[in-house]
Amino acid sequence: MENLTNVVSQVKKNLQKVSDLEKLEELTIRYLGRHGLINETLQKIKEIDPGKRREFGQKINAVKEEINKLFLIKKNQLIKNDEALTDFDNTLPGRPYPKGSLHMISYATEEISAIFSKIGFIRMTYPEIEREYFSFDSLNMPPDHPGRDDFETFFLKAQKDPQLGKMILSPHTSSGQVREMWRVGTPPIRMISIGKCYRPNWDTTHTPMFHQFESLCVDRSINITHLKGTIDYFVKQYFGEDREARLRPHHFQFTEPSFEVDITCGVCHGRGDGVKCRVCKSGWLELAGAGMVHPNVLKHGKINANEYNGWAFAFGIERLLMVRGGLKNMRDLYTGDIRFLEQF
Amino acid sequence: MNIKITYNWLLEYLETDADPYELQKYLSLCGPSIERVQQIGVDYVLDIEVTTNRVETASVFGIAQEATAILPQFGKKAKLKINPLQKYTFSSMNTKPGEHMKLDITIADHNLCPRFTAIVYKDINIKPAPDLIKQRLQMCDIKSINNIVDISNYLMLSLGQPVHMFDYDKIIAHKMILRESKKGEKITTLDEKEIILPGGDIVIEDGSGRLIDLCGIMGGLNSAINNKTTTIVFFIQNYDKKRIRRTSMITGQRTVAATYFEKGLDPQRVETTFVYGIDLLNELSGGISASPLYDIYPHPYQIKEINVTLDFINRLIGVSIEQNKVKYILENLGFKVEIHHNEDYESFHIKVPSYRSGDVDIKEDIVEEVARVYGYHNLNNAIQPTIYVKQPRDIEMLFVIQQKIKYFLKHLGLNEMMNYSMISKELIDKLALDSDNKLVIDNSISEEIRYMRTSLIPSLIKNIKDNENKKDKLKFFEIAKIYEKKESLLPNEIYRLGLATNTDFFDLKGIIQALLNELNISEYQIIRWESKHYLPSTSVEWRLADIPAIRMGQIKKTYQEAMGIKSSLFVAEIEFSALIKNYQAIATFKPLSPYAIIKLDLNLKHNQKQTYDKIRKTAFATTPLLTNVELLDLYKGKITLRFYFSSSHKNLTEEEVKKELQKIQNKLQ
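In the order they appear, the protein sequences are chains H and C. Oh and the first sequence: position 342 is 342 in UniProt numbering, straight run, nothing missing. Oh and the second sequence: position 265 is 265 in UniProt numbering, straight run, nothing missing.
Just so you know, these hints were derived from the structure itself, not from any lab. The structure displayed is predicted, hence computed values, not measured ones. Treat each hint with caution, since some may be false.
Unchecked claim - Calculated lysine-lysine pairs in the DSS-like style (CA-CA distance at most 25 Å, straight line):
(1) H:K160 <-> C:K390
(2) C:K485 <-> H:K328
(3) H:K328 <-> C:K363
(4) C:K390 <-> H:K166
(5) H:K160 <-> C:K242
(6) C:K404 <-> H:K118
(7) H:K74 <-> H:K13
(8) C:K242 <-> C:K425
(9) C:K390 <-> H:K196
(10) C:K410 <-> H:K196
(11) H:K236 <-> C:K76
(12) H:K196 <-> C:K486
(13) C:K102 <-> C:K25
(14) H:K13 <-> H:K52
(15) H:K166 <-> C:K25
(16) C:K485 <-> H:K99
(17) H:K99 <-> C:K509
(18) C:K363 <-> H:K302
(19) H:K299 <-> C:K363
(20) H:K196 <-> C:K363
(21) H:K196 <-> C:K556
(22) C:K486 <-> H:K157
(23) C:K425 <-> H:K99
(24) C:K557 <-> C:K509
(25) H:K196 <-> H:K166
(26) H:K157 <-> C:K425
(27) C:K242 <-> H:K166
With the rest of the complex left out, here is chain C:
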């Protein structure tokens, strides 16, 4: 989260010679990141990023504390002018609680609210807050409303604890029942939005079933303070962070208070804020206390302790920091540190302050505190010793071959696509795909991305559709995983290579053959394959070492039209594992033959009975001297082929070869 505070406000707590820009530079390196400094008049606004574990630094005081630890490392003076944790305690409070305006408080479950404090103040005079408070709030992007609301916000930014105020007279029977909401209960919040609650939210009811507060998020409109208010309930709490986040996210009420509470706040800080708040109320509201002080805090903070050795700290950081420096750093951060001298080592016995108990648990947490304040910029850059770690062969091959294929296809003129792993129901329906075999996202944010792909083809078809008017010839490929659903186990994640073009069948077939050549895969059979989606005469399966590896074909017109695609579509999908398995780094080769090669051309009939493949097979079966057949031309039912002959042990004569060609011709039409 980001907060804004001002430099002059900070100086109320901090005595320092660091200017706002020095503060920015040094704190950002060692603590909260001050992302921007903006001068406004004589003051400066500091825009600060606070990490979720350090919500107590989302306050002027929290930043002052960080500064006292960090700035001295850079030779800057820094110490606290006041420490509100010591100054503002119930025992030091100089306001006597009143008696007659009671509150009837019930807390259904203390897990919802670990600490609950409240007091009633009467004779309140609602008016604008003093200029200083108004200006500071405005500089920090908080709208000034009136003295009472402004006090709440001023407290929150000062100490990092949100505060709420009710109009006492609007709470019928002066009852407050803090409980879990039921599903469907309604509350209209201060911003006049009616919110239907998901259930399990922390709310306060006034005893009549009427909800007056959506706790930790926003107060109810029905108990809001306005210009006529004279009596208020000053009210500071801690809540179960998980519930606050849940309610805030589900209802969409992302208020500043919620962003504090959902990170989990320090119950001790409730007291500090309360007492400081009483001071401000006494000073600025004209009111006086009219009820007992309510403080319901069944499980007070137990001090957490951690032991760590100097050696451990220095080993993990990779430098050697002196013992006293470690102590100095930790103490400035509010830790209590005792040094124990053991026989051959020094150790620290550390007490963790309550406001750090949420994030400091183990020795490594202490190392972090020391290291960051010492300064990461003061550490060396040292790459760890390099050693040999074996990469599994199959994984190595996966990446090596992927890379080869990607560049090869690129150089053939194809464009690589990278699609989402999920597809829409619409696409599934248009292409009449099976949806039962796909994993489904339960909480998708868009219908576009709901089903996990079991094939790359649908996405590639969509790519063609989306690009049809942008370029004439489209040739796309994608290498990605598909997810083969299994009953209760994780799916099989299988790498595939998908290809799609709007050119023609032989263009795509040529790409695949070229690719297989590139990978030195020469052995394969192409057989017919039945498919719902492919035009029967074009639907083929390629087998590598007898295993189905590639399926290709032209998409049937019905699907093409369903997708609204104008040109014919040719697609193929290849099992990546089959390519890896049959890949050869170096082609199988023959030594150069010293004997001549003789080429002869032949013109034959070409039809369904006498296909290219049949001619080829017949020719090779007929003569052992045939080494290659090349397609030269197709014309009006005729095919022109070039036959290559040679012998491994002698020079053939033209007569001999002509005889062989005649034999072939005799077996064909």
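So here's chain H without its partners, still in its complex pose:
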């Protein structure tokens, strides 16, 4: 009983030695835990005169309260000390986690698919190894068309099909147009296809394999303003609201009228005239080919050209990356150099 008063001074002495919260916790248990000094002492109440028990209890509780207070003060002091600590280097790097990479083409594919799915276009896929019929004849490209010769198209050593012609590596995604018309049978058609194409060219702006992204829309009463609207939508989604697209007259066998799609230059912002820009031609960059589906193509697609019409366009994905992503040398995409690829 008399050592209860000593307890408080004992606690005070012990607390002075405590320098962290862990030790404080140990000390707290020693005095205030289930088997701590205070509880142990309290157990002894049974041995005491019933008449003195009340006084005994009050005393102990007073001591307990005092100890509690001491502990709390110490605890707050320690927490404060902790917060004031400065020898923690928060500039050290975090623990490393693996970081892989995807190919630039994969990201572009994902992005383009998402942009077009919002306006109801489904993504499809068609053969990369094709017959001349789908790549040329059905697209209104006659047998003597320069695009069909050895310098523009890869031919495979394989048997020629009497109806569909030689086996080739598809030189453009447009080979899917008539295939899609056959698949669907009756319009509407709202298709995009992103795929590998092949042509015998190999320099800084051409690789023998490249990617195109094709879109085809066939329905009743489709007109040029629809094509223009869709291209404008895509350009603003993909390149940004501040970019403008324009159509210029061009020539393709499988569209009539045909257009070239230009976009305002991201470097000189379309100022063009007078200002020499290292990137563009007079403020605009060529981006894609487009046009209204030629009636002969619809005929090959077994679609009534008097009832339906449509538009189609094809962008080179590498070209998109060059225009938007600052890609300089197309070959970097396909040499498989980890130092280039792991950045993405």
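Based on the hints, put chain C in the right spot on chain H.
For chain C alone, kept in the frame of chain H given last:
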């Protein structure tokens, strides 16, 4: 193709208040694209892109014609000062042909040369051309040579029709036989290159077997004009465009003339150019005509006619353009237009000029002419009505799962590769692959890309090789098609996922297991698999729903060394279709068990007879209370495993579980 002309030259044909930059802006929007304008002295050079169907605009006059149609749409004045098509005709030519210096002309096949014109001029005085012509040609990147050669080039740029001149005296016997070449015939062209002909080229022979012209591409050196020339053959033709392109591409003689002829030229323009040329010769050469005028033109142009309604034009464009405006636009482009008033609609009866007959055939072509001059920039942007079109389920899954896999592997730290679909014979040989089962490109441009891939692994191995010194740990993947050759049909194009690492077997195995987990594919068997390329103890096949789906292993050292790769190589190839088929969007799951799980560890022998897989299988076969086995450690022929037990209907006691573990232990070593 691109051509250069000058602004002042253009003004000889065109009366306009548009400056060069306005011209650039407006023509580019509605017609030929003027890519650059460059001021040189008092003149401006216009660099113009011409599309293949509009080769007649690759000329000063052609641009002037376009300008007369386009500029008024922008409020600019534009009209032709002269129209050479009307001014220069044989009937208006004021030079009388001479008689005594004849040419003996034979054309073997008129398909080779639809129109052939020529005349002999004598007493020519070879000297420099006047400064104006010299300067204009030089500004347009054409070297000035002498008055005669410069006239040829000046004509070509003025009207879009290439012209050739021979030295008459160098044509022995004055014979010209225009025919197909035989394979292996030789000609030395003006640039002093000897060309061995592929055969089927259009050539002119002088009757002695000597070739004097590689038609449409370049003249022969043996009949070339030089300073001593006094008599020339002035010579303008049309040729079969297909043959010109073929010869030009095969022989590599990509001359300016060839880029014109290969697009197909207007036979009527031959006459215009000829008569204008005679004017220039009379003025600048000092010569006089000395032969009859030869014009061999068996099938003159028949006027092409097209009917189209106003409604059709407006529906396809998506605006309403007035009838008179349509007529005005077309007439400025050189079409002849009659309006027919029918009961309830208006239609146009249109005659196509000869120089447009190559590209204007159908109603849609007329729409294009109207729309472009009206201005695409004047049309609205209007996305077509959006409707629901169903994407085939299998295609949807293909893309959804591809995307999932790509990101998953990326987040595991793998790098995605995208290789060419073709591989080299060298790679095939180094890896002792079969070449017979691969499709071969007939006209490849490089040995690097000749065989169509039947597996993604060889390319990935090459990726490892190419990157070995760039980074220590290499983990690559690629998703692409392989091409399974079929006898006469198109190949099967099959999507695969290829993986390659230089780390270790269990790293790769872990990647595959993690991937299967991600796709919620939990049911598979792994069995041994015989392979020529994989180290036997590492060569395994994974079966999903009993179908072979994944093959993996370590590449044998012999192949690794053949490739010159230092570290060990671990590869796997996965059938994409198997992943799609077994994929589950949501994992099969069990409700939370209210009963406790008890874990006990066991140390066992680990060897070829008692593999991890055997222990696992034995353990599961022994007790139904086992729910999981976890590998904790491997050490000196011992394996430490943790066994998880629980019951679905009660709490197990430690005693019960120990009994179960004992049963397992009894069956094992």
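Consistency of the hints with the structure:
1. For a cut-off of 25 Å, the pair hint linking H:K160 to C:K390 is broken: about 34 Å separates their Cα positions.
2. The hinted pair formed by C:K485 and H:K328 fails the criterion: a straight-line CA distance of about 36 Å is larger than 25 Å.
3. Between H:K328 and C:K363, the direct Cα distance comes to roughly 42 Å. Violation of the 25 Å bound is thereby established for this hinted pair.
4. Annotation: proposed proximity of C:K390 to H:K166 is violated, straight-line Cα distance about 32 Å (limit 25 Å).
5. Annotation: proposed proximity of H:K160 to C:K242 holds, straight-line Cα distance about 22 Å (limit 25 Å).
6. For a cut-off of 25 Å, the pair hint linking C:K404 to H:K118 stands: about 20 Å separates their Cα positions.
7. A distance of roughly 12 Å separates the Cα atoms of H:K74 and H:K13; the hinted pair therefore holds under the 25 Å criterion.
8. About 34 Å separates the Cα atoms of C:K242 and C:K425, which puts this hinted pair outside 25 Å; it is violated.
9. Among the hinted pairs, C:K390 with H:K196 is consistent with the structure: their alpha-carbon atoms are about 24 Å apart, no more than 25 Å.
10. About 22 Å separates the Cα atoms of C:K410 and H:K196, which keeps this hinted pair within 25 Å; it holds.
11. Note on H:K236 and C:K76: the hinted pairing is violated, with a Cα-Cα distance of about 32 Å set against a maximum of 25 Å.
12. A distance of roughly 21 Å separates the Cα atoms of H:K196 and C:K486; the hinted pair therefore holds under the 25 Å criterion.
13. Only pairs whose Cα atoms come within 25 Å are accepted, and C:K102 paired with C:K25 is rejected, the gap being roughly 50 Å.
14. Restraint check: the Cα-Cα separation between H:K13 and H:K52 comes to about 30 Å, which exceeds 25 Å; the hinted pair is violated.
15. Between H:K166 and C:K25, the direct Cα distance comes to roughly 43 Å. Violation of the 25 Å bound is thereby established for this hinted pair.
16. A C-alpha spacing of about 37 Å is found between C:K485 and H:K99, which places the hinted pair above 25 Å, so the restraint is violated.
17. About 19 Å separates the Cα atoms of H:K99 and C:K509, which keeps this hinted pair within 25 Å; it holds.
18. The hinted pair formed by C:K363 and H:K302 meets the criterion: a straight-line CA distance of about 20 Å does not exceed 25 Å.
19. Taking the CA atoms of H:K299 and C:K363, the gap is about 15 Å. The hint holds against a cut of 25 Å.
20. Restraint check for H:K196 and C:K363: not satisfied, since their Cα atoms lie roughly 34 Å apart, outside the 25 Å limit.
21. Our distance criterion of 25 Å between C-alpha atoms is broken by H:K196 and C:K556, whose separation comes to about 32 Å.
22. Restraint check for C:K486 and H:K157: satisfied, since their Cα atoms lie roughly 12 Å apart, inside the 25 Å limit.
23. Between C:K425 and H:K99 the alpha-carbon distance is near 34 Å, which puts this suggested pair outside the 25 Å criterion.
24. For a cut-off of 25 Å, the pair hint linking C:K557 to C:K509 stands: about 19 Å separates their Cα positions.
25. For the hint pairing H:K196 with H:K166, the CA-to-CA distance comes to about 19 Å; that is within 25 Å, so the pair holds.
26. Restraint check: the Cα-Cα separation between H:K157 and C:K425 comes to about 15 Å, which is no more than 25 Å; the hinted pair holds.
27. With a C-alpha separation of about 19 Å, the suggested pairing of C:K242 with H:K166 holds against the 25 Å cut-off.
Comparing the model with each numbered hint stated earlier shows that hints 1, 2, 3, 4, 8, 11, 13, 14, 15, 16, 20, 21 and 23 do not hold.
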